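Visitor: The whole structure should be built from the sequences, with the hints applied where relevant.
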Amino acid sequence: MNILEADSERLLMAVRSLLERKGIVSTTEVMERMASTDAASAGQGARMVAKAWVDPAYRARMLEDGTKAAEELGIVMRGMPPLGVLESTPAVHNLVVCTLCSCYPRAVLGYPPFWYKSASFRARAVRDPRELLASEWKTVVPDEVKVRVVDSTADYRWMVLPVRPAGTDGWDEDRLAGIVREGDMIGVTVPAV
Amino acid sequence: MFSAGETVRVKDEWPEAAGPVHIRTPWYVRGQRGEVVRCLGEFANPEDLAFARPAEKRPLYHVRFRKGAIWPEAKPDDELLVEIFGHWLEPAAGERP
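These protein sequence lines are chains A and B, in that order.
Just so you know, the numbering used here puts 97 at position 97 of the first sequence, and the rest follows in order with no gaps.
Counting the second sequence from 1 gives a position; the numbering used here is that position plus 1000.
No lab work stands behind these hints, which were simulated from the structure alone.
Keep in mind that this is a model prediction, so the values were computed, not measured.
The beta-carbon is built from N, C-alpha and C at its ideal position, and this holds for glycine as well.
Fair warning: there could be bad hints in the mix.
30 angstroms max Cα-Cα, derived BS3-like pairs, lysine-lysine [unchecked claim]:
| hint | chain 1 | residue 1 | chain 2 | residue 2 |
| --- | --- | --- | --- | --- |
| 1 | B | K1011 | B | K1057 |
| 2 | A | K117 | B | K1075 |
| 3 | A | K117 | A | K51 |
| 4 | B | K1057 | A | K68 |
| 5 | B | K1011 | A | K146 |
Residues of chain B placed beyond 12 angstroms of chain A at every Cβ, according to the derived structure [stated by the list, open to error]:
| hint | residue |
| --- | --- |
| 6 | F1002 |
| 7 | A1004 |
| 8 | E1006 |
| 9 | T1007 |
| 10 | R1009 |
| 11 | E1013 |
| 12 | W1014 |
| 13 | P1015 |
| 14 | A1017 |
| 15 | G1031 |
| 16 | R1033 |
| 17 | P1054 |
| 18 | E1056 |
| 19 | E1090 |
| 20 | A1092 |
| 21 | A1093 |
Guide: Below you can see the structure in the form of structure tokens.
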């Protein structure tokens, strides 16, 4: 049988029932993964960032173990690669790239933006990140701030905890989460009010 | 095993030249000196995993490189942080990272 010509619905059913019969993956697990994939978006990461901005104890736990910190907020991380969180500070700006493919923390940021997978972004991010950020995103990293490019080459997935912007004193978590964008957690932009 | 702060060198090896491989060590760090930031844990060796061979667990390190040593455009103090498996690293004590 040519697998390319098979009825895809029937093929899927056959593979799923085989996985179940062999005890590899249960229907419940498949449904759970479908639900978590549907729920995955940058809004999840934004909730983590906002909580870290208002709760120093959570921030410490998040930097220690991103996976556990995500689970604390009800984000399903089972079966996902470990999540690491990179803290940007007034002295260090983090930028995440995957030069070898397109590794991305999907559980907390959703599907990667199209440019994240482009050969151009991947090459320029490691070679000349300051020029890349300034010309494509108008993000100018001051000379006195160190740029740290994190090449996601293996088993971890990385997200950036950006610096909380000025002018947000007294804001609650929901309001703060509303200003955190996908690019802020990759490091191509910084949160602004 | 390497410890945090240790100076290491990424092996200057190019198995690509010999045949099909799956390697998670970027070309631009091969032969370069860096500093171990920390061990991230042990993970199945992707070089075997990709070919469905039995894959033993290998330590994975976060290694910091001075960008200025690798790219001419870089500000010298900027840095690269890369996940590299232990079997791609060799000690480079006494050398500056």
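Visitor: Hint by hint, say whether it matches the structure.
Guide: Now for the hints, and whether the structure bears them out:
1. B:K1011 to B:K1057: holds (19 angstroms)
2. A:K117 to B:K1075: holds (25 angstroms)
3. A:K117 to A:K51: Since the Cα atoms of K117 of chain A and K51 of chain A sit roughly 29 angstroms apart, the hinted pair holds (cutoff 30 angstroms).
4. B:K1057 to A:K68: Judged against 30 angstroms, a Cα distance of about 22 angstroms means the pair holds.
5. B:K1011 to A:K146: holds (27 angstroms)
6. F1002: Label holds. Min Cβ-Cβ 15 angstroms, cutoff 12 angstroms.
7. A1004: Per Cβ check, A1004 of chain B is outside 12 angstroms of chain A; nearest 15 angstroms; holds.
8. E1006: Label holds. Min Cβ-Cβ 19 angstroms, cutoff 12 angstroms.
9. T1007: holds (18 angstroms)
10. R1009: Since the minimum Cβ distance to chain A is about 17 angstroms, R1009 of chain B lies beyond 12 angstroms and the statement holds.
11. E1013: Non-interface label stands for E1013 of chain B: nearest chain A Cβ at 16 angstroms, farther than 12 angstroms.
12. W1014: holds (15 angstroms)
13. P1015: Check passes; 15 angstroms lies beyond 12 angstroms.
14. A1017: holds (18 angstroms)
15. G1031: holds (16 angstroms)
16. R1033: holds (16 angstroms)
17. P1054: About 17 angstroms separates P1054 of chain B from the closest Cβ of chain A, which puts it past 12 angstroms; holds.
18. E1056: Non-interface label stands for E1056 of chain B: nearest chain A Cβ at 14 angstroms, farther than 12 angstroms.
19. E1090: holds (18 angstroms)
20. A1092: Fine: 20 angstroms to the nearest Cβ keeps A1092 of chain B off the interface.
21. A1093: Label holds. Min Cβ-Cβ 24 angstroms, cutoff 12 angstroms.
When held up to the earlier numbered hints, the structure conflicts with none and fits them all.
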